[in-house]
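Number of protein chains: 2
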Amino acid sequence: MTPADAARLDAADPLAFARERFDLPDGVIYLDGNSLGALSRATPERMARAVRNEWGERLIASWNEAGWVDLPQRLGERIGRLVGAERGSVVVADSTSVNVFKLAASALRQNTPRRVILAEADDFPTDVYVLQGLGRLTGAELRLVARDAIEPALTEEVAVVVLTHVHFRTGAIHDMARLSARAASVGALSVWDLSHSAGALQVRLDADGADFAVGCGYKYLNGGPGAPAFLYVAARHQSAFQNPLSGWFGHAEPFAFAQDYAPVAGAARGLAGTPPILSMIALEQGLATFDGVDMAAARAKAMRLTQLFLDLALDRCGGFDLQAACPLDPAARGAQVSLRHPRGFAIVQALIADGVVGDFRGPDVLRFGFAPLYVGYADVVEAVGRLHRVLTEERWRDPRFSIRAAVT
Amino acid sequence: MTPADAARLDAADPLAFARERFDLPDGVIYLDGNSLGALSRATPERMARAVRNEWGERLIASWNEAGWVDLPQRLGERIGRLVGAERGSVVVADSTSVNVFKLAASALRQNTPRRVILAEADDFPTDVYVLQGLGRLTGAELRLVARDAIEPALTEEVAVVVLTHVHFRTGAIHDMARLSARAASVGALSVWDLSHSAGALQVRLDADGADFAVGCGYKYLNGGPGAPAFLYVAARHQSAFQNPLSGWFGHAEPFAFAQDYAPVAGAARGLAGTPPILSMIALEQGLATFDGVDMAAARAKAMRLTQLFLDLALDRCGGFDLQAACPLDPAARGAQVSLRHPRGFAIVQALIADGVVGDFRGPDVLRFGFAPLYVGYADVVEAVGRLHRVLTEERWRDPRFSIRAAVT
Numbered sequence: 002m003t004p005a006d007a008a009r010l011d012a013a014d015p016l017a018f019a020r021e022r023f024d025l026p027d028g029v030i031y032l033d034g035n036s037l038g039a040l041s042r043a044t045p046e047r048m049a050r051a052v053r054n055e056w057g058e059r060l061i062a063s064w065n066e067a068g069w070v071d072l073p074q075r076l077g078e079r080i081g082r083l084v085g086a087e088r089g090s091v092v093v094a095d096s097t098s099v100n101v102f103k104l105a106a107s108a109l110r111q112n113t114p115r116r117v118i119l120a121e122a123d124d125f126p127t128d129v130y131v132l133q134g135l136g137r138l139t140g141a142e143l144r145l146v147a148r149d150a151i152e153p154a155l156t157e158e159v160a161v162v163v164l165t166h167v168h169f170r171t172g173a174i175h176d177m178a179r180l181s182a183r184a185a186s187v188g189a190l191s192v193w194d195l196s197h198s199a200g201a202l203q204v205r206l207d208a209d210g211a212d213f214a215v216g217c218g219y220k221y222l223n224g225g226p227g228a229p230a231f232l233y234v235a236a237r238h239q240s241a242f243q244n245p246l247s248g249w250f251g252h253a254e255p256f257a258f259a260q261d262y263a264p265v266a267g268a269a270r271g272l273a274g275t276p277p278i279l280s281m282i283a284l285e286q287g288l289a290t291f292d293g294v295d296m297a298a299a300r301a302k303a304m305r306l307t308q309l310f311l312d313l314a315l316d317r318c319g320g321f322d323l324q325a326a327c328p329l330d331p332a333a334r335g336a337q338v339s340l341r342h343p344r345g346f347a348i349v350q351a352l353i354a355d356g357v358v359g360d361f362r363g364p365d366v367l368r369f370g371f372a373p374l375y376v377g378y379a380d381v382v383e384a385v386g387r388l389h390r391v392l393t394e395e396r397w398r399d400p401r402f403s404i405r406a407a408v409t
Numbered sequence: 002m003t004p005a006d007a008a009r010l011d012a013a014d015p016l017a018f019a020r021e022r023f024d025l026p027d028g029v030i031y032l033d034g035n036s037l038g039a040l041s042r043a044t045p046e047r048m049a050r051a052v053r054n055e056w057g058e059r060l061i062a063s064w065n066e067a068g069w070v071d072l073p074q075r076l077g078e079r080i081g082r083l084v085g086a087e088r089g090s091v092v093v094a095d096s097t098s099v100n101v102f103k104l105a106a107s108a109l110r111q112n113t114p115r116r117v118i119l120a121e122a123d124d125f126p127t128d129v130y131v132l133q134g135l136g137r138l139t140g141a142e143l144r145l146v147a148r149d150a151i152e153p154a155l156t157e158e159v160a161v162v163v164l165t166h167v168h169f170r171t172g173a174i175h176d177m178a179r180l181s182a183r184a185a186s187v188g189a190l191s192v193w194d195l196s197h198s199a200g201a202l203q204v205r206l207d208a209d210g211a212d213f214a215v216g217c218g219y220k221y222l223n224g225g226p227g228a229p230a231f232l233y234v235a236a237r238h239q240s241a242f243q244n245p246l247s248g249w250f251g252h253a254e255p256f257a258f259a260q261d262y263a264p265v266a267g268a269a270r271g272l273a274g275t276p277p278i279l280s281m282i283a284l285e286q287g288l289a290t291f292d293g294v295d296m297a298a299a300r301a302k303a304m305r306l307t308q309l310f311l312d313l314a315l316d317r318c319g320g321f322d323l324q325a326a327c328p329l330d331p332a333a334r335g336a337q338v339s340l341r342h343p344r345g346f347a348i349v350q351a352l353i354a355d356g357v358v359g360d361f362r363g364p365d366v367l368r369f370g371f372a373p374l375y376v377g378y379a380d381v382v383e384a385v386g387r388l389h390r391v392l393t394e395e396r397w398r399d400p401r402f403s404i405r406a407a408v409t
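Taken in sequence, the protein lines are chains S and W. If you use the numbering used here, the first sequence corresponds to residues 2 to 409, in order. If you use the numbering used here, the second sequence corresponds to residues 2 to 409, in order.
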């Protein structure tokens, strides 16, 4: 694969139109959209209008005039299209952590008297932490098992199983249809975390039988740093769904100021307090980068990008102790490549200094995300070239690449 | 009080410097800062920089470089000064509703085996709704009592009492020191909602013996629509405080990706998931409008503004069925005046059309907030003049003023 070959693939890319929607800094190959999605070109102006006009000039009137009050539902519909969810089953609210709590708590309650929450021990930490907190609060038992022990652990004791669809470190995909069916077969409910899936894969929540789901707005959905998260409640559970964080935005008539909580119909009862409107508006612009994007095409492109990166990296850099830490089959892997190297941390820092932004996940994983809307084939070829240079020149030995910052 | 008298008071106002920090639309007298605070002049440029430079150009690096990761604590310290809380006892996180849940849940647990949550029946609905949800989840009993029954209801059965310091509809202030002491005397813990206090009153959480508190970022703190909220944990409770929403941002080492939750020291363990950074940055600018503002002076000014409005309104408009719905003693009232009129809804709409923005709270309350940083004495005189005109000319009879929008 020469740079010319890559340029031809980029020219023929059916998603090339989407790349024009982003402003990326010159010289940077951004392979960290799985941690923080890139800025849409349309976002700065939209944010300026929200701040100066909607807030500054129209003030409180903008709750109605500018449609602030409907943002959770409006954004939910946009996300619903990306994750295979019917209308009314997705809303944007709070953070992924808080939404995991809401859904797992409701699933526990709906599945009384069962008291076991099942989760993957090596799942993204905040999901596990939140389930530990829910266990402490309610007396439910949290069972953490290894990835290959999930299926055997799905017994008739389990009230709810919480799984991340695409693993944050390895990129390995769980088979949502099979595991949801397996959970259903023992009477357990499933909660899927789509943080590394939404916007990168073809997710089919309704078709695959998921019961509940959450996901992140600031990764592939390009919603901006700490963008609000989303939650999904399958239509069949919406009337039984009880949000324990029963704030006024999930009330049937929030502005009637009634004394008793009465939940609105649909997944919107998953809302709690007043949403952070400026962050919601940035997320709306991030979601607009998916306008006209066919998620089957996005998934196909992400598979080709990751395969090309993995093949080139192992071919050119395999001699430098670099190994794959992700599935080799593109169908089993999200839009990311994970490599393993004992000097992984310093290599990632040296790469960032050379304009290839990935990230490091302990103990030894170099993680690269390939957001199909703005990463191209030429980026992949160039990124591997720079990785090769970091390794051959041993740039990672520079002491400044060993300094750990607060956020890694 | 003539317009010239009012202009003299404004000229002598020791907080006149703060008014220059705001951009209010021409011709508008904004008396709804208790619902959505006004835009600081510094905010648009700061937001543009956050979006274009920090997010767009520096991307993921801004978590460290731009100090995004410390925003919850940094903003907490700024708020701590305004509410009389020592360092490390306030952080910014989530919404008021979600924070009420966290604190009441922890207080319940700290006060085991007591199972009673006491609250005011007529409190702001979302606080009550959230406590109802907590009761359903944990089996705790929620006792809702009338305002004058709170003290007698504080018995040794009560685990936690949740009270809003300044009532959203009437502006009546609870005596925080007396009620906190009364709670302590029966072994109950107190949670104070400062949504209508922070930035408008001299709050003394530490000195008044509050155990926990929450509050809103988007009212007097000028943080923007739906700005994140804050929470306070008194120093003596910080080691026992257990956040049930135990997400990774409250972990002692969030980026170590350890499997088990281990809370960080201080109120920061009240953090849950990743915070909405753009909304946090807007809140930081809102808090900067308090730089150099002495809260004793702000409180004194708010008392004078509300008294002037109330005196003028009752004097000039009392013949039009208008009555006070707030305490007559300024020391017993927050920075708001509430009036009662059977046509309250339409009168508020007619006033808004005439450039005086207040709001309506059912069944019959006209509510006016007097943010001491940007409302002046001339505004008060002019606002009462327009209220008088709406009443004398019966402008509220215009049918368009009876149309209710989604948000009132």
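These aren't lab readings, by the way, just hints derived from the structure by calculation. The beta carbon of each residue, even a glycine, is placed where N, CA and C say it ideally should be. Please note: incorrect hints may appear among the correct ones.
[Claimed, not checked] Simulated restraints on C-beta separations: (1) R53(S) - E383(W): 18 to 26 Å; (2) M2(S) - R82(W): 40 to 48 Å; (3) E21(S) - A406(W): 53 to 61 Å; (4) R390(S) - A289(W): 38 to 46 Å; (5) A13(S) - E21(W): 37 to 45 Å; (6) P364(W) - R50(S): 50 to 58 Å; (7) E142(W) - S403(S): 49 to 57 Å; (8) N54(S) - E158(W): 46 to 54 Å; (9) P364(W) - G363(S): 52 to 60 Å; (10) N54(S) - N54(W): 44 to 52 Å; (11) P364(W) - R116(S): 14 to 22 Å; (12) A406(S) - R82(W): 25 to 33 Å.
Taking the hints in turn, this is what the structure says about them:
1. R53(S) - E383(W): 18 to 26 Å: holds (25 Å)
2. M2(S) - R82(W): 40 to 48 Å: Violated, at about 59 Å.
3. E21(S) - A406(W): 53 to 61 Å: Hint violated: Cβ distance 38 Å, outside 53 to 61 Å.
4. R390(S) - A289(W): 38 to 46 Å: holds (44 Å)
5. A13(S) - E21(W): 37 to 45 Å: Violated - the Cβ-Cβ distance for A13(S) and E21(W), about 57 Å, lies outside 37 to 45 Å.
6. P364(W) - R50(S): 50 to 58 Å: violated (36 Å)
7. E142(W) - S403(S): 49 to 57 Å: holds (56 Å)
8. N54(S) - E158(W): 46 to 54 Å: holds (52 Å)
9. P364(W) - G363(S): 52 to 60 Å: Distance hint for P364(W), G363(S) holds at roughly 58 Å.
10. N54(S) - N54(W): 44 to 52 Å: Distance hint for N54(S), N54(W) is violated at roughly 22 Å.
11. P364(W) - R116(S): 14 to 22 Å: Between P364(W) and R116(S), where Cβ atoms are some 44 Å apart, the hint is violated.
12. A406(S) - R82(W): 25 to 33 Å: With a Cβ separation near 28 Å, A406(S) and R82(W) satisfy 25 to 33 Å, so the hint holds.
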